[in-house]
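*Asks:* Chain order of the listed sequences is A and B. Going by our numbering, the residue at position 184 of the first sequence is 356; the numbering climbs one at a time, nothing skipped. Going by our numbering, the residue at position 156 of the second sequence is 328; the numbering climbs one at a time, nothing skipped.
Don't read these hints as lab results, they were simulated from the structure. Check the hints yourself; a few may be wrong.
If chains are identical, the list can't say which one is meant, so a pair holds when it fits in one copy or spans any two.
Claimed, not checked - Derived DMTMM-like pairs (lysine to aspartate or glutamate); straight-line CA-CA distance at most 25 Å: (1) LYS424 to ASP413; (2) LYS304 to GLU182; (3) LYS183 to GLU204; (4) LYS408 to GLU423; (5) LYS304 to ASP290; (6) LYS304 to GLU389; (7) LYS304 to ASP266.
There are 2 protein chains.
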Amino acid sequence: MNVNYTELIEKLKGTSVTKPLSGTLSGHAAGEPFDKHVYSEMKKQLPAHTFRQYEYLNDLYSNNPEIIGHGARQALFNSPTVLFLLSRGKNATDKWSIENPFDEKQNDTADILVVKDDFYEIIDIKTRNLSKSAQPPNIISAYKLAQVCAKMLDNKEFDNFTINYFEIDWELSNDRLVCKDAHFVSLYKSNPMSLYINWAAAMQIQFHVCDLEQTFEGNMEEWAKRYLKHFVTQAKKRANDMITKFVKPFEKYIEQKDA
Amino acid sequence: MNVNYTELIEKLKGTSVTKPLSGTLSGHAAGEPFDKHVYSEMKKQLPAHTFRQYEYLNDLYSNNPEIIGHGARQALFNSPTVLFLLSRGKNATDKWSIENPFDEKQNDTADILVVKDDFYEIIDIKTRNLSKSAQPPNIISAYKLAQVCAKMLDNKEFDNFTINYFEIDWELSNDRLVCKDAHFVSLYKSNPMSLYINWAAAMQIQFHVCDLEQTFEGNMEEWAKRYLKHFVTQAKKRANDMITKFVKPFEKYIEQKDA
Numbered sequence: 173m174n175v176n177y178t179e180l181i182e183k184l185k186g187t188s189v190t191k192p193l194s195g196t197l198s199g200h201a202a203g204e205p206f207d208k209h210v211y212s213e214m215k216k217q218l219p220a221h222t223f224r225q226y227e228y229l230n231d232l233y234s235n236n237p238e239i240i241g242h243g244a245r246q247a248l249f250n251s252p253t254v255l256f257l258l259s260r261g262k263n264a265t266d267k268w269s270i271e272n273p274f275d276e277k278q279n280d281t282a283d284i285l286v287v288k289d290d291f292y293e294i295i296d297i298k299t300r301n302l303s304k305s306a307q308p309p310n311i312i313s314a315y316k317l318a319q320v321c322a323k324m325l326d327n328k329e330f331d332n333f334t335i336n337y338f339e340i341d342w343e344l345s346n347d348r349l350v351c352k353d354a355h356f357v358s359l360y361k362s363n364p365m366s367l368y369i370n371w372a373a374a375m376q377i378q379f380h381v382c383d384l385e386q387t388f389e390g391n392m393e394e395w396a397k398r399y400l401k402h403f404v405t406q407a408k409k410r411a412n413d414m415i416t417k418f419v420k421p422f423e424k425y426i427e428q429k430d431a
Numbered sequence: 173m174n175v176n177y178t179e180l181i182e183k184l185k186g187t188s189v190t191k192p193l194s195g196t197l198s199g200h201a202a203g204e205p206f207d208k209h210v211y212s213e214m215k216k217q218l219p220a221h222t223f224r225q226y227e228y229l230n231d232l233y234s235n236n237p238e239i240i241g242h243g244a245r246q247a248l249f250n251s252p253t254v255l256f257l258l259s260r261g262k263n264a265t266d267k268w269s270i271e272n273p274f275d276e277k278q279n280d281t282a283d284i285l286v287v288k289d290d291f292y293e294i295i296d297i298k299t300r301n302l303s304k305s306a307q308p309p310n311i312i313s314a315y316k317l318a319q320v321c322a323k324m325l326d327n328k329e330f331d332n333f334t335i336n337y338f339e340i341d342w343e344l345s346n347d348r349l350v351c352k353d354a355h356f357v358s359l360y361k362s363n364p365m366s367l368y369i370n371w372a373a374a375m376q377i378q379f380h381v382c383d384l385e386q387t388f389e390g391n392m393e394e395w396a397k398r399y400l401k402h403f404v405t406q407a408k409k410r411a412n413d414m415i416t417k418f419v420k421p422f423e424k425y426i427e428q429k430d431a
């Protein structure tokens, strides 16, 4: 990893951003100014290597103006896994041009991307209002992560990228949002078996960054295999639970002659 | 049904509300002023019988001050199905008092309740920005509706309530939201087999009110049985689809010795 998170946390603690104008201080709206604040602090550490995801794609395609169309632009990534995590859809990539670049997109994988020496550090920023006890936020689709792990194993890509989460804990004070604390975790250092999948909430893995243990001692190949085992086990369990909860209790009401 | 929806639609067409202050005109924020507007128009038709769901509960419990606690307050409903649809949880109902009444709650079943001659008309208001093509909105949890149907059949309640949806189609014009059209449908007049269940989106049934057909000719008992058959079939299908999509493709990556 290239970002110095310990230094970043120290720099951010005690800093503040202006409260967003929109009335409520719920998740997304409140988080945005901090997201930009973290980005600018990170960029101070690694100015030439820190990007927004859309910025990185715009730079990559702009620097290769002779490469046109989805297929050819896909080949610009030297990693199928990173390609899967970062690229936009076929239609959007076909339409890309210097005059029609990508804009920020809410469900991009990365809030911030640090790319150095062919290593991709994918960073997602989560913000937390300390005065509310909120549900753990959506982290990443459990299915998308399963696809990532399958690609890692298919292509033997175990050391060219990582996925990190950074949490800012803030409090409202005199119309400003003040950063009281910050936390950093690496997805691939957590125990894959402990990841909670909320199947009803678009299959999202959910956790508070500050609560994620970092006890996994294996390498990324082992992580990918363990995660896939966990995902498959949980998918089977969910399918069984659906029969128990949504089929069995209602079968007695269904007239057999209708069947 | 007691509300005259045809008259209501005619009255609402061409009327407008002030644009909400919060910047974006996305679903919830934009809809709210219209929700209140529809409520006040409906109340003109049936002033003594039109309520907000929380208002109705506050009135019911206030008029029976000697009835205290969740169990006793539940008994105030003469219908187990309506009770299931409208009452709040045990904890909230235990805590209710004249000094501590219920407030509006976003996931209440009804936006508006018309109660007359022991018949409950449960009305949910949906608003639609005509200048955007949006996904069909969440209507009701498919599981909650299955529980409603089971209660209807258990208690033979087929003529004491209905669930209706009312859609306002609006456009922004000179900083006001103008109602261009409005639509009304009755859930129990739609073909239960045609209801789309989005399992990943919290099992919500989703449709645009203006698109829901009203072709069902049977009675509510038949509707409840047909819906439960549909729900059970769809739940089984989803459980199978989960195995096909989330288990099978990943099994090859799981080492057998780990099993």
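*Asks:* Now tell me if each hint is right for this structure.
*Replies:* Against the structure, the hints come out as follows:
For the identical chains of this complex, LYS424 and ASP413 are neighbours both inside a copy (18 Å) and across copies (24 Å), given an alpha-carbon limit of 25 Å. For the identical chains of this complex, LYS304 and GLU182 are intra-copy neighbours only, at 24 Å inside a copy versus 44 Å across copies, given an alpha-carbon limit of 25 Å. Only within a single protomer do LYS183 and GLU204 lie at most 25 Å apart by alpha-carbon distance; the minimum there is 18 Å, versus 41 Å between protomers. For the identical chains of this complex, LYS408 and GLU423 are neighbours both inside a copy (21 Å) and across copies (11 Å), given an alpha-carbon limit of 25 Å.
When the C-alpha separation of LYS304 and ASP290 is checked against a cutoff of 25 Å, the pair qualifies neither within a copy, at 40 Å, nor between copies, at 41 Å. Taking the shortest alpha-carbon separations for LYS304 and GLU389, neither the intra-copy value of 34 Å nor the inter-copy value of 49 Å comes in at or below 25 Å. In this homomeric assembly, LYS304 and ASP266 come within 25 Å of each other (Cα to Cα) only across copies, at 24 Å, whereas the closest approach inside a single copy is 43 Å.
Comparing the model with each numbered hint stated earlier shows that hints 5 and 6 do not hold.
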